[in-house]
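*Asks:* Chain by chain, the residues:
2 protein chains.
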Amino acid sequence: MKVIKKIKEMRHISQEVKSKGIAIGFVPTMGALHEGQLKLIDVAKKNADFIVVSIFVNPLQFGADEDFTAYPKTFSRDTKLLDSRGVDVLFTPSDKEMYLEGYETYVELPELSSVLCGASRPGHFRGVCTVVCSLFNIVAPSLAVFGEKDAQQLIIIKKMVRDLKLDIKILSVPTVREPNGLAMSSRNVYLTDEERKDSAVLYQSLILAKKLVARGERKAEKIKAKMRALISSKPSAKIDYIEIVRKNDLKQVETLEKMKIDVSQPFRVEIKDDFLIAVAVWFGKARLIDNITLQIPKLSVSKNSKNYH
Amino acid sequence: MKVIKKIKEMRHISQEVKSKGIAIGFVPTMGALHEGQLKLIDVAKKNADFIVVSIFVNPLQFGADEDFTAYPKTFSRDTKLLDSRGVDVLFTPSDKEMYLEGYETYVELPELSSVLCGASRPGHFRGVCTVVCSLFNIVAPSLAVFGEKDAQQLIIIKKMVRDLKLDIKILSVPTVREPNGLAMSSRNVYLTDEERKDSAVLYQSLILAKKLVARGERKAEKIKAKMRALISSKPSAKIDYIEIVRKNDLKQVETLEKMKIDVSQPFRVEIKDDFLIAVAVWFGKARLIDNITLQIPKLSVSKNSKNYH
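Protein chains in written order, with my numbering: chain A, 45 to 353; chain B, 45 to 353.
Be careful, since some hints might not be right.
Identical copies go unnamed one by one, so any copy, or any two together, can satisfy a pair.
[Said to hold, decoys possible] Below, a list of computed lysine to any residue pairs in the SDA-like style, where the Cα atoms sit at most 25 Å apart:
1. K295 / S216
2. K52 / L198
3. K52 / L187
4. K295 / E148
5. K52 / I212
6. K90 / W326
7. K254 / V217
8. K202 / E53
Keep in mind the hints are simulated off the structure, nothing from the lab.
Make a model of the complete structure from these sequences and hints.
*Replies:* Here it is in structure tokens:
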């Protein structure tokens, strides 16, 4: 595995690989790798013949009060893991080269970035989109792989790629969990033993929501109240948000029901409304997030619209 | 010359051309072509072997009260001109495909976009950057050519390319003028005969500024006052702005002098301060812009900094 620091050198490698007709698969990371990220690499390898992983702790996506300087760094361990996983290039640019003097260009999706983690972390997704866009322009991959644990990030990146006409396929990989259900995250190292035990409640709250929906509950407020009660039972938990949103636009819903078909529309509109149940909870110094996607099988249609089934 | 409407088809052509190792030169336009834009194409042809010109009147860069729907359209004339100039592909995407349903991704340079035309036209440069970024991603050129008449646009695009690590060389071409000095622009068709005559004063005011500087005048306010008096002498002129700014950051200056070297800095910093004198003036329905760049030859240094010469 080659370790490349300079943008120019990375570009040169990508150009050479592509000139041979070989597809590049890319996994951007901030290092401190865990099994979840290694799964992304496995998926990249299944879908591309040359794998680039970046490690770049991106200052632009951290708020002033956040853990940028404390973010865990395990570089030599990461390097060994990536090498043994069959990665071709590890790209580790410097802050200085990524953000040249007088830097001021931002890529932003204001609507999708204003809710959920974006509401708690203003500027976060602007930072993510900007750096991912730059990394894409340097690495020039055919596909890139992201984790479903960061559901909002995945949705935003997919839309950015679509909107800015980037010729890159975005693949996603289901969340990898610890035996107790805790979603793997580089930030889990911040947890004390007790917090780690308590934090299992995140996934338990999502499973509870799923069960409630399976039993017929459709009111978002009722589901959220029960999740809140369960999470709050852990003394170390401090809830940031519990939200139920429509997955295509991240808008909050009151009821988990398929959107009614508007019979005033002349043509049937394809209605995709998967729901995302997402939580963010502080345990000590760690702000942890988790989510599940729910599909509501039944299609409710208004009485006048039978012919639109 | 091929005329291509579909993004997918344009991408396919670009990939094929690039796979043969041929460099693509790109000139994005809004059509209603004039000799100024045709010069951009000549420069593209000198520097690349396959030339793509786009015609796309980008709704995102027009304000609500601006001339989006009235913007001149001379498509069949444009097509003939481009064909005769040796263009390989004319790319004319639809609004609908460029801005898909639910579009919400923006590329923005907030500082450089807040002054000059950006102050008069909020959102304009966000629209320009966003569409240019998308067009770059579709056409995948090695180089792109822009006119120096749109000085602020050129500076912003260059910085966007640098910041987002786009692997595209930006070339620029000096303003092409009518015999009376009026800078060529698609919007000149809005002018009545009288306004067209009067509008020669734009370039005359820039020449006046240049003369004043050559005679030793360094106070921006004095230069601007004389330019203002000259332009105001034309009854149809309505000044939007007259500005003198440092070209590297578009910040207003009080005096046209090389920045003093800060002797508290341990190393000599390279100081590039060309000045941009820029004007925007309404003549009837047409908002016309023009500019010149001035280089101030003498380097002023503070008394304590002789060793930094």
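*Asks:* Which numbered hints does this structure break?
*Replies:* Violated hint: only 6; rest satisfied.
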